[in-house]
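K.L.:
Chains as they are written, first to last, in the numbering used here: chain A, 1 to 310; chain B, 1 to 354; chain C, 1 to 248.
Treat the hints as calculated values from the structure; they're not laboratory data. We treat Cβ as the ideally placed atom computed from N, Cα and C, and that holds for glycine. One or more hints might be untrue.
To be verified - Label pairs and their computed distance ranges (CB to CB):
| id | chain 1 | residue 1 | chain 2 | residue 2 | range |
| --- | --- | --- | --- | --- | --- |
| 1 | C | LYS134 | A | GLU80 | 42 to 48 Å |
| 2 | B | MET317 | A | SER214 | 34 to 40 Å |
| 3 | B | ILE106 | A | ASN266 | 48 to 54 Å |
| 4 | B | ARG119 | A | PHE114 | 35 to 41 Å |
| 5 | A | SER116 | B | ARG119 | 39 to 45 Å |
| 6 | B | LEU165 | A | TYR189 | 56 to 62 Å |
| 7 | A | ILE93 | B | ILE323 | 32 to 38 Å |
| 8 | B | ILE106 | C | SER218 | 50 to 56 Å |
| 9 | A | SER214 | C | LEU143 | 43 to 49 Å |
| 10 | B | ILE58 | A | ARG193 | 44 to 50 Å |
| 11 | C | LYS114 | A | LEU269 | 56 to 62 Å |
| 12 | B | LEU165 | A | ILE58 | 55 to 61 Å |
| 13 | B | MET110 | A | ILE93 | 24 to 30 Å |
| 14 | B | ARG119 | A | ASN266 | 38 to 44 Å |
Stated by the list, open to error - Calculated pairs, DSSO-like style, for lysine-lysine (alpha carbon to alpha carbon, straight line, at most 27 Å):
| id | chain 1 | residue 1 | chain 2 | residue 2 |
| --- | --- | --- | --- | --- |
| 15 | B | LYS270 | B | LYS199 |
| 16 | B | LYS199 | C | LYS134 |
| 17 | C | LYS18 | A | LYS84 |
| 18 | A | LYS88 | B | LYS319 |
| 19 | A | LYS187 | C | LYS117 |
| 20 | A | LYS164 | C | LYS117 |
| 21 | B | LYS343 | C | LYS18 |
| 22 | B | LYS327 | B | LYS270 |
As the list claims (entries may be wrong) - Chain C is nowhere near these chain A residues, computed Cβ spacing over 10 Å in every case:
| id | residue |
| --- | --- |
| 23 | SER9 |
| 24 | ILE66 |
| 25 | ASP136 |
| 26 | TYR248 |
Here are the chains, one letter per residue:
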Amino acid sequence: MEFLQAVISSIVTGSLYALMAYGLTITLGSIRIYNWAYAEYVTISAYVTAVLSSRYFINVLLCFPISLASAILVSILVDELVYKPLTKRGATIIQLMLAGIAAGLLVRYIVYIFASINNVVIIKAAYASRTILVYDTLVITDLDVVAILVTLLMMVTFHFILLKTLLGKQIRAMWDNFELARLSGVKVYMVRRFVCVLVGIPAGIIGSLWSIYSTVTPTTGWGLLLPAFAAVIVGGLVSIPGAIVGGYLLGIGENLLMLIAYRVFNISLAYKPLIMLLIMLIALFIRAEVIPFKPIAVNIYRFIFKRGEA
Amino acid sequence: MFSELATLLSTTLTFFSIYVMLSLSLNLEYGFTGIPNFGKVFFFSLGAYVAGTFVPRIMHILFRIDEPLCSAVASTQRILVGLQEPITLMIIFIASLIFSGIVGAIIGYMLSYPSLKLRGDYLAISLLIVAELSRVFVRTEPNIVCGTDGIGGIPNPFISVGDTLIKEVLYSILSGVIAYLSYFFIQRIVNSPYGRVIKSIRDDELASQLLGKDVKRFKAEVLMFASSISAVAGCLYAFFIGFVYPDDFIIVWTMYSWLMLLLGGLANNKGVVVGALVMVIIDRGLRRIPSYWLSLPFDVSYLRGTIFMILLLLIIMYKPRGIFPEKPLDTPARQVFEAHIKKVVNLKKESPHQ
Amino acid sequence: MTKDHILRVSNLYAGYGKNVILHDVSVLLSRDTLTLIVGPNGSGKSTLAKAIFNLASVFSGEIIFKNIDVTKMMAEEKTMLGMQMIPQTSNVFENLTVRENLEISFFNTKKAYKNKKTFRDMLEYVLQIFPNLKNREYEKVKLLSGGERQMVALARALITEPELIIFDEPTAMLSPALSNFILNKIREINQSGVAVMLIEQNVKAAINIADYLYVLLSGRKVLEGPSDKFTKDFKLLEDAFFGRVREA
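If we strip away everything but chain A, and leave its shape as in the complex, we get (with noise of 0.2 Å):
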């Protein structure tokens, strides 16, 4: 009973880390930026939903939008101050990924900051989650039904507006072409506000579920990140299957075979992060081609993740 509990949480942080790794690659597939400061837009979220909903009293279903729009907000703004103009003065990859953290970081202190002066820094949105089914010791409340859904609801939300709308084609376009996207007329810096929308609802949504599941601190955002970008290595960077099959992976390895590293090996809860670690590492060792188990393990892979070959 306990390992199936294991295997209902794995499944609910899998979907959110895999939602996460899904807006992070877009947002690098299309506008070509590792955009760390992602973490923030979900933080933002987080605290709106909960102040608002334990400071001012407002139904958390009412929060949602408002928090939903704050990320979103966040996500723009951060691409108009920071990438755009650097992307405008042909910044490499690797400045743009150093002033995205500068960015996210520099909104984290601002939140630390407000947060400290409103007495805020560690928070809860006032909402108890109800449990929905009991048996045995197995508990699914209904935050878990809902991250289960909306986050599959997100993703094939996203899939379908990737495939079929012209708004989808054009960003796929950008993502194989950026200058034959131009030429082609895709007006791409509109697009580009497109996508910063694209990948706040996701962040949004992540955050505000947090915060009812969990408290929240200006670090809340950074700590899902991690494993988000984790989940984005182990799927090749720019392959959007990959990262979501890498989320789940994650999220499998953080509950499921750290339950089984616990009860058989009796090793450590705290070993968490080095599981997720040696996932990450597992996968870029493969992927490198160090590991020499080509035969199988390889091919396994490479059926999998065909498309993250870059």
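Starting from the structure of chain A, add chains B and C where the hints point.
P.N.:
Then chains B and C, alone, in the frame of chain A:
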């Protein structure tokens, strides 16, 4: 007044040395070789963790301290023992410096191995993730440096001198000497044939590969040297502060190293030293001033971080290659070439046809 | 500028970053002529094409398209006006299908009657011109051969019904037979009323279809004239290529 000023100066010098080592090693990696290391703090923390695990344990064995490792009593006892046994303590200090250098080198080499076979971006991201997740791990694992509480009682090697001021001055001089040695070492590397190879790798990897240079080996070696230097800096930091606390080693250290690098200029060691000086003055200054004049409703470190991040963003925006970037080497061949160019330009000016 | 001049580039200085590559280049394009730009490697032909689309930096000079000053306009706005360019390399979206390639071009140019039906009509029209692409609409472009890719690139420009197309070495890396096919198509496109600016290295093949010719040499215009003048006296062109400029 004098003693206060001397303490301030010696603290500044110690931090200056640590910053110099961090930013110079980053310069060796990114400025000269083009390896974007976003996990600087990881290699820095490695040295501190070596000090935090190795020193207390060896002291407990050597001096038969029976208290549990993490207790406050044990840390006081370690300091007391350090007062009585200056020579053994010095040996332990030097041994842990060397040991942290070796550990940094080994882990730097190991981590570079998979990533260097792939695109440069993989290395940047994976090092960052390694740095952050390993910090979380060390924080939760009680058997390394006592988990969240951190481990205290790492005695300053000059503790037996007695006077706090002299102790700090001596330590700052020692760390200054180590920083100078690493400066000297890096200068020698980059001004040798080896340095020209790594610069050629930075400018065009394929071309240097075609000239028969083993690009991966050079990159791995550079990462090894640089990680070793940063680990020694971490060890110095741990002995200076006197305790190792995992939550110290957040990504901010990495960003500060990058800020110092860009304040100086890519591939310009002297400039980077100046950058570190500017940084340490702003940093120490901001730590001092607000406690006298300002009373903020929040921690001053947030204000400091905000200022530094704005500075970093401005530099990336307007001076992406740093404030004093690398100048071409002044070789005889270049002098001849430039004289020739000047002549051609003059000729063009004179001729009305063009 | 008379009425049938569709594009006028005057006194253009352009380059990349701070490097000036084009010096004082003036080019005039008529509506119904096929203008050929030739020159040795590194003479700035591609830079001229990119500068016209503001993809290289323009330092001074004027670019006027249909009496509108487009010097400072962004590339995506220029395509809206009816200009199209087919770059030399990577001129198709490899990971998209043929149909998607065409769709992106079609729906991003300003015409009042853009809808799915008109797209289908235009698709039909374009596929008539390039019958090889029929039945391959839903294939990814990276699975096509080099010649077929070039056809997709041409189709991508044609489907927008442009008034001016700039071809940047469309026959590079193609077999002689395919080159001729593509050059003939370009001639046909021109005869259907689209102004064409063709940048070519294969002078002998291209000069036969061209009406007017410019020679660039290290960023400067050294020679121009109607192409039959050069077909008669090929030595003139050879001299220009090697830097011996005679007064024509």
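K.L.:
For each hint, tell me whether it holds in the structure or not.
P.N.:
Outcome of the hint check:
A beta carbon spacing of about 45 Å between LYS134 (chain C) and GLU80 (chain A) agrees with the range 42 to 48 Å that was offered as a hint. With their beta carbons about 36 Å apart, MET317 (chain B) and SER214 (chain A) fall inside the hinted range of 34 to 40 Å. Taking the beta carbon of each, ILE106 (chain B) and ASN266 (chain A) are about 28 Å apart, not inside 48 to 54 Å as hinted. A hinted range of 35 to 41 Å for the beta carbons of ARG119 (chain B) and PHE114 (chain A) is consistent with their spacing of about 38 Å.
Remark: the range hint 39 to 45 Å for SER116 (chain A) to ARG119 (chain B) is upheld by a beta-carbon distance near 40 Å. With their beta carbons about 60 Å apart, LEU165 (chain B) and TYR189 (chain A) fall inside the hinted range of 56 to 62 Å. Remark: the range hint 32 to 38 Å for ILE93 (chain A) to ILE323 (chain B) is contradicted by a beta-carbon distance near 22 Å. At about 54 Å, the CB distance of ILE106 (chain B) to SER218 (chain C) agrees with the hint of 50 to 56 Å.
A hinted range of 43 to 49 Å for the beta carbons of SER214 (chain A) and LEU143 (chain C) is consistent with their spacing of about 48 Å. A beta carbon spacing of about 59 Å between ILE58 (chain B) and ARG193 (chain A) contradicts the range 44 to 50 Å that was offered as a hint. Between LYS114 (chain C) and LEU269 (chain A) the C-beta distance comes to about 59 Å, which sits within the given range of 56 to 62 Å. Between LEU165 (chain B) and ILE58 (chain A) the C-beta distance comes to about 57 Å, which sits within the given range of 55 to 61 Å.
Between MET110 (chain B) and ILE93 (chain A) the CB atoms are about 25 Å apart, so this pair conforms to the stated range of 24 to 30 Å. Taking 38 to 44 Å as the suggested C-beta distance range, the pair ARG119 (chain B) and ASN266 (chain A) conforms, at roughly 39 Å. Taken as a hint, the LYS270 (chain B) and LYS199 (chain B) pair is honoured in the structure, with Cα atoms around 17 Å apart against an allowance of 27 Å. At roughly 52 Å between alpha-carbon atoms, LYS199 (chain B) and LYS134 (chain C) are farther apart than 27 Å, so this suggested pair is violated.
Pair hint LYS18 (chain C) plus LYS84 (chain A) holds up; C-alpha atoms about 21 Å apart against a cutoff of 27 Å. For the suggested pair LYS88 (chain A) and LYS319 (chain B), the alpha carbons sit about 14 Å apart, so the restraint of at most 27 Å is met. The straight-line distance between the Cα atoms of LYS187 (chain A) and LYS117 (chain C) is roughly 23 Å, inside the 27 Å bound, and the hint therefore holds. This hinted pair checks out: LYS164 (chain A) and LYS117 (chain C) have alpha carbons roughly 17 Å apart, not beyond 27 Å.
In summary, the hint linking LYS343 (chain B) to LYS18 (chain C) is supported, as the alpha carbons are separated by about 22 Å, within the 27 Å threshold. Restraint check: the Cα-Cα separation between LYS327 (chain B) and LYS270 (chain B) comes to about 12 Å, which is no more than 27 Å; the hinted pair holds. SER9 (chain A), annotated as away from the interface, keeps every beta carbon of chain C farther than 10 Å; the closest lies near 36 Å. The beta carbon of ILE66 (chain A) sits about 34 Å from the closest Cβ of chain C, which is more than 10 Å, so the claim that it is off the interface holds.
Every Cβ of chain C is farther than 10 Å from the Cβ of ASP136 (chain A); the closest lies at roughly 49 Å, confirming the non-interface assignment. Annotated as non-interface, TYR248 (chain A) keeps its C-beta farther than 10 Å from every C-beta of chain C; the closest such distance is 24 Å.
Checked against the numbered hints above, the structure violates hints 3, 7, 10, 16; every other hint is satisfied.
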